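J.: Given next are the chains, with one letter for each unit.
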Amino acid sequence: MSDLPWKPSYLRGALFGVGGVAGVTALFTQVLAVNASTVGFLLLTVVLATATTAGFRVSALVSVAAMLCFNFFFLPPVGRFTIADPENWVALFTFLLTALVASHLSDRARKQTIEAKRRQLETEQLYALSRAILLTESSRPIGTQAAQNIAQIFSSRAVIILDSKSGQYFQSGEQATTGWESRLDEVVRLGNHQRYTAEDLDVWPISLGGKPIGALGAMGIAVSDGAVQSMLNLVAIALERVRTEEAANRAEAARQSEEFKSTLLDAIAHEFKTPLTSIKAAATGLRTLDPARTGDHQELAAIIEEETDRLSQLVTEAVKMAEIDAGKVRLQREPVSAEMLLMGTVDTFEGRGAERFRVSTTTEANLLVDRELMTLALRQVLDNALKYSEPDSVIACKAVETGEEVQLRVEDEGPGVPERDRQRIFEKFFRRASTRDQVPGTGLGLHIAREITRMHGGDLWVESATSQGAAFCFRVPLRARGPK
Amino acid sequence: MSNGRILVVDDEPQIRRVLRTTLAAQGYEVFDARTGEDALLAIRDQRFDVVLLDMNMPGMGGLAACREIRAGADVAIIMLTVKNTEHDKVTALDAGADDYITKPFGVPELSARIRAALRRLPVPQGSDAEVIRLDGEEVDLRARRVHRAGKETRLTPKEFDLLHYLIANPRTPIPHTKLLQAVWGPDYGDQVEYLRVFVNQLRKKIEPDPAHPRYLLTEPWVGYRFEPPAS
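Sequence order for the protein chains is A and B.
Here this note's numbering is used: the first residue of the first sequence is 1, the next is one more, and so on.
Here this note's numbering is used: the first residue of the second sequence is 1, the next is one more, and so on.
It should be emphasised that the hints constitute simulated quantities derived from the structure, not laboratory data.
Quantities reported herein were computed from a predicted structural model and do not represent experimental measurements.
We treat Cβ as the ideally placed atom computed from N, Cα and C, and that holds for glycine.
This list has only true hints and no planted wrong ones.
Taking beta-carbon pairs under 8 Å as the criterion, some of the chain A residues facing chain B (in silico):
| id | residue |
| --- | --- |
| 1 | K273 |
| 2 | A282 |
| 3 | D347 |
Kindly produce the complete structure, drawing on both the sequences and the hints.
T.: See below:
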């Protein structure tokens, strides 16, 4: 609040004060005759009234005028500025002193009231702004809404906000703010408040946690520094909140899509397996309930059963693969020895060729793996070895410790895998042309096996076995490591 | 005389149809229900030997139905489900199922599981210790009941058989496979999680402090052991 010498309120106050003094003087000299003390008190009242409305300077002036009138018209000898009785000197100066001190005090109270009112207004404005920022809708950019709110609440003609992280400028309205962008950029660079008098524009940097995140420019705004700082903090929080919300929205969208995927997968698995259950139960029922019927009948029922198993396995593997792809599978590692792992997997082939496997291990080391998943991976490779080698040939399952890892090798005596297919057999749905029509399979097993091994931080590949045939090698790190 | 009364609970009509046909052909009396709620009503009015319960059904679902059935009857329950992770098995067994079979299954496998569920360990004839006294509990081997402070604690048939087998071989560590084959049947042996769940349930029912068992002890890497109270 600057004190310009002749503000209208000063002039009004001065006129009121001087008029008041003249009025009191006229009243008591022309109409009523009272003693000097009464006049003095009434004049003091006029001085105080002036001080409360027009400030100290005006009331000081009025005090002197009142003192002169008091002296001239009421203290003997009346009609002259001289004073006969020394007592009246005391009265006169007491009057002046009282008038000045009272003026000063009431002026201070007035100023405090004005200051308090201003603060209250600013607090209300900041409250309104924080409320507006909290209640912003997501349909329009929050920067634009903040700029409009500031312009409206702080009665600024135009407000512009720069969000440095996204490089976007937000304006309160259609006002011509050309060229302001460069001003904001400049303030972000300088890092402190700048005033551009030509445009009546104030620009402040916006920072959060000490880091500059943008700038705010406002035209014709009159707010205290404290309020500006609070306003900038609010804008900073608003801009940052948008970013957090956007990130949260993206994460939520991703989560929902994952949830949808896994719900869909569960539904698909259920929908496929339900009819398969009826078919399998019916086919096996045919075979077991009527063993008297042999030959063609048994053969046909066996075909239905085998193909049902294949379809069912395809569904299981597709769901498992989708779960792994979606990152839905979490490893539950536990220590298990390589021998236990191999033996346990071989056991699952009981009645389906388990006797063809020869397990030999030279390591006592415990692997830290998800037993269920690792068994699933080994099963794919063991199943593969059974299918792609002569029905009576032996399949070697070995475990060898090599430094920081254990190699599990599954070696068969089949025809092996030609060099050009050694990568591709691990791809989804890849099936080698030469065997596609002879060996049942889904083209997913090896892919799943490798994905599971990689989740453990290891790898799976195929090479030539020492004799002939194929050797599938699992490399499993001894210490738990995440996937590469 | 039928081989037993079986209640098939599945919302899928074709599965009910095929199970009814195949199981009836094997000499069982077969009944069916479409939902867990219907099954509970049927079980309230009639006695069954085995319930084949689908895990995934509309309405209350298989797990809740299993808990309800288990709370009121000691009928053998076999869960039917499409999932076969260890977690799913443990969930089913925890709900009170005696066994678990993964869809799609063949009739021979299902028959084997039904036979296993119907199996009861024979009570040793003329055995001296017909009633075993633990701290606060009485296990009556002949009547297949456990009494705790005068109140009867209900054990499922498989829980009782498991406890019975362990009590019959005191102070001896019994391997998982042997326990499974003794209680469930010769087709079992790998299902270590069955034992884990059933032993935990037994501990809750007979141990004074299930977290620190005194009678049913785990033999790490081997199996379980019954330690009779010092007399």
